[in-house]
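**Student:** Listed here are the chains, written in short residue letters.
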Amino acid sequence: MRLLRQYWALLTMNLAGAPARAGLVSTLIIGVACAVGVLVSMLAMGVGARQEAMGNVRPERVILRSQGATGVADSRITKDLALQLRDLPGIRRDAKGAPIAVSEAFVFIQARDKRSGSRLGFPMRGITGELTAYLPELHLTSGRMFKTGLRELIASNRCAERFSDFKVGDRRIMRGGEWPIVGRFDLGGTLGNCVVFGDGEAILAAFGRDAFNQVDVMLQRENDFEGLVKAIKANPLMKVDARHEAQIVADSSRQLIGILDFVSYFVGTIMALAATMGAVNSLYAMVDQRRRDIATLRALGFNGLPIIASVLTESMLLALPGAVLGALVAWALFNGTAASPLGASFHLQVTPALGALGLTWALVIGLISGFLPAIRAARVPVTVALRAV
Amino acid sequence: MKFFFLIWSGIWRKPARTTLILLQVALAFALFGVLQGMKSGVERAVQDVRGDLLLVNPAAVGGTPLPVAHLERLRSVPGVKSVAYADMLIGTYQKPDQIVAALALDPSDEWLTLAPSFFKVLPKDLAALHKTRSGALITVDVGRRYGWKLGDRVPVKSLTPRVDGSSTWFFDVVGYIEDNEPGQSSLIAINYPYLDEGRARNQGTVRNFYAIIADPHQAAAMSERIDSTFANSSAETATASLRESAQQTMKTIGDLDFAIRAIVSAVLIALLFSISTLMMQSIRERVPELAVLKTVGFTDRHVWVMVIIEALTVCVAAAAIGLGMAMVLFPYAAKYVPGLSMPPSVLLTGLLGALLVALIGVAFPARMAARLPVVAALSGR
Numbered sequence: 045m046r047l048l049r050q051y052w053a054l055l056t057m058n059l060a061g062a063p064a065r066a067g068l069v070s071t072l073i074i075g076v077a078c079a080v081g082v083l084v085s086m087l088a089m090g091v092g093a094r095q096e097a098m099g100n101v102r103p104e105r106v107i108l109r110s111q112g113a114t115g116v117a118d119s120r121i122t123k124d125l126a127l128q129l130r131d132l133p134g135i136r137r138d139a140k141g142a143p144i145a146v147s148e149a150f151v152f153i154q155a156r157d158k159r160s161g162s163r164l165g166f167p168m169r170g171i172t173g174e175l176t177a178y179l180p181e182l183h184l185t186s187g188r189m190f191k192t193g194l195r196e197l198i199a200s201n202r203c204a205e206r207f208s209d210f211k212v213g214d215r216r217i218m219r220g221g222e223w224p225i226v227g228r229f230d231l232g233g234t235l236g237n238c239v240v241f242g243d244g245e246a247i248l249a250a251f252g253r254d255a256f257n258q259v260d261v262m263l264q265r266e267n268d269f270e271g272l273v274k275a276i277k278a279n280p281l282m283k284v285d286a287r288h289e290a291q292i293v294a295d296s297s298r299q300l301i302g303i304l305d306f307v308s309y310f311v312g313t314i315m316a317l318a319a320t321m322g323a324v325n326s327l328y329a330m331v332d333q334r335r336r337d338i339a340t341l342r343a344l345g346f347n348g349l350p351i352i353a354s355v356l357t358e359s360m361l362l363a364l365p366g367a368v369l370g371a372l373v374a375w376a377l378f379n380g381t382a383a384s385p386l387g388a389s390f391h392l393q394v395t396p397a398l399g400a401l402g403l404t405w406a407l408v409i410g411l412i413s414g415f416l417p418a419i420r421a422a423r424v425p426v427t428v429a430l431r432a433v
Numbered sequence: 070m071k072f073f074f075l076i077w078s079g080i081w082r083k084p085a086r087t088t089l090i091l092l093q094v095a096l097a098f099a100l101f102g103v104l105q106g107m108k109s110g111v112e113r114a115v116q117d118v119r120g121d122l123l124l125v126n127p128a129a130v131g132g133t134p135l136p137v138a139h140l141e142r143l144r145s146v147p148g149v150k151s152v153a154y155a156d157m158l159i160g161t162y163q164k165p166d167q168i169v170a171a172l173a174l175d176p177s178d179e180w181l182t183l184a185p186s187f188f189k190v191l192p193k194d195l196a197a198l199h200k201t202r203s204g205a206l207i208t209v210d211v212g213r214r215y216g217w218k219l220g221d222r223v224p225v226k227s228l229t230p231r232v233d234g235s236s237t238w239f240f241d242v243v244g245y246i247e248d249n250e251p252g253q254s255s256l257i258a259i260n261y262p263y264l265d266e267g268r269a270r271n272q273g274t275v276r277n278f279y280a281i282i283a284d285p286h287q288a289a290a291m292s293e294r295i296d297s298t299f300a301n302s303s304a305e306t307a308t309a310s311l312r313e314s315a316q317q318t319m320k321t322i323g324d325l326d327f328a329i330r331a332i333v334s335a336v337l338i339a340l341l342f343s344i345s346t347l348m349m350q351s352i353r354e355r356v357p358e359l360a361v362l363k364t365v366g367f368t369d370r371h372v373w374v375m376v377i378i379e380a381l382t383v384c385v386a387a388a389a390i391g392l393g394m395a396m397v398l399f400p401y402a403a404k405y406v407p408g409l410s411m412p413p414s415v416l417l418t419g420l421l422g423a424l425l426v427a428l429i430g431v432a433f434p435a436r437m438a439a440r441l442p443v444v445a446a447l448s449g450r
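Just so you know, the protein sequences line up as chains A and B, in that order. Just add 44 to the spot in the first sequence (first one is 1) and you have the numbering used here. Just add 69 to the spot in the second sequence (first one is 1) and you have the numbering used here.
None of these hints come from the bench; they were simulated from the model. Predicted, not measured: the structure shown is a model, and the values here were computed from it. It is possible that part of the hints are untrue.
Unchecked claim - In silico DSSO-like links for lysine-lysine, alpha-carbon gap of 30 Å or less: (1) B/K189 / A/K277; (2) B/K226 / A/K158; (3) B/K200 / B/K189; (4) A/K283 / B/K226; (5) A/K123 / B/K226; (6) B/K164 / A/K283; (7) B/K164 / A/K123; (8) A/K191 / A/K158.
Unchecked claim - Reference excerpt, derived from the structure (chain A facing chain B, CB under 8 Å, subset only): (9) A400; (10) L401; (11) L403.
Claimed, not checked - Short, incomplete list of chain A residues facing chain B, as computed with Cβ under 7 Å: (12) G220; (13) L272; (14) F306.
Backbone N, C-alpha and C fix where the C-beta goes; we use that ideal spot for every residue, glycine too.
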């Protein structure tokens, strides 16, 4: 109890002196703010990329690819097989009673970038089946849906932003024919990359192909997945792997997010170390300025333990405003900013969770940097006080 | 000399404080060095990419592949020196996640000059591959992960079916290649004729051609010329030089520059504050000493210069240490980030930055030291 009282007295004394040491205090705060600000801003990229990738994912959506396919490119689902897959159990049915399942043929084509004029690739997906039933987040913003069997395309709004010749009414020349853009769409909250949809049969025929890449199905409920897998296993002719959409999306974005997070923590750690050095220096100076006060208190019978505790608490409390400042600046500057590193496009997202992470880092920086100065404070000899009298 | 001694003792007046500042500045500039080195490394890597090597890809990947018959027409395009081609067989070894990416090379010796843009191969290894139809050259990484060694006959399961109906391809490991891409590699090199005659689908097609042109400055025009040669054919092409493709990739890293600038600014702001307040603190503690110096004849300007040189020495030395640390780290990081390098320009920018930070940070403390009234200082007021 006595120690607690001493601790409290010391802490209030330390903090009351802060305004008089504005220079040192602000150095500590700004150092922490810079470290936390950079960490939070950089991690916001990973959060944004994750949100961009997973934003539209639904647990009921399942993707069927050839058994053993390493990706969409080497997966091959024949038209016959695609038809059989539609009748698997557990698939949700639309108002007309038809299963919600679409067959997709992927073709990677190129278009001219508006700004640089260079050619960039993006996927064109040939769809057979009710696309809007499978992708309810798809909203046509202008024009209309492509018609079955015709060489017509709809393009995401992102295509028109990035590439030339993607306005509704534009005609793209492919395989010796004209493919008019008949509609434009967006996909809900995500920024999205350029995606073009067209009729599956038309695209298969035009590109000389006889098979789709994959079949996408919408399940009744998420836990109908087991039944679906069992039914596939029971039929030896169905050589397909079923995986949740979430898993496929997570797999394909894991590398990007991994790189972003690694770089964030690498840079963040170095900045935190530098901030710690700066904070230790400031705290040393603050403790040195208080030597006489501390020695006097020691002479009055104050214990070493409360002194250490009070300095540690002080350093952590001083680091907190730095963290808040850093996180706020990161939020104000970068929240919602569009970024496109490594070919991915997303909005940076400074979330409360990141803010909390920033606070934790700040507390750790405060704790570590307070350690040595706290010990120094506790070892101030009593004679310092007596000599000063 | 007396100045040097005074400055030196000024620097080490509080060894702990100076060590911490040194560490802080060194860390900041090590970070600066790594970030800038990464950027300049990527830029240089793009510059080093061959400009005379055109990749002739199908206009639509996933559509009909390019027929190998395009070869003769490509060779006859004026300005094209030589042409090679390759296909790719994707498969797995034993487990679905043990991927094997087999690049099937045409039988020409062109690969001796072509290969370095993609992987490193010794002439004797390439000769061994050409001699063994079912041969394969593997990377050390693949050998280690899958347990393959010279002389092994390895099965690769693929979704590319064989004419005999099976889906397993056998290869004889006859040599080694070294992948240019860092990280986990799944690359092996095999013979195109073995793949093409063995597969049930897409016989007589290739993934892409490699056209070497006489004049690298004509790369863009030559690409257009090649594409127009095959325009409106059943297999249209999309041609780009390897360097142009690398530049595309560079652009996708685009925001790197902004991020680096933002991080470096934050680092410098924190440093400025640190140096400025700690120098202030140091001057305050040294008031009596400085007053004595002035009493024995040092002018205000002398003191001013001394304080500035003190800060400059610490900052520039620390920056040099930090940049040095980054350079020492680079060979280790090169495994993960290709082309890391520290050109003299980065080194110079770093040192100049340190100089600038020190000058700005010390400006106010130095002025304070210079204007110190002697009488007040000595009397302890």
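**Student:** Hint compliance check: list the failing hint numbers for this structure, sorted ascending.
**Tutor:** 1, 2, 9, 10, 11, 13 and 14
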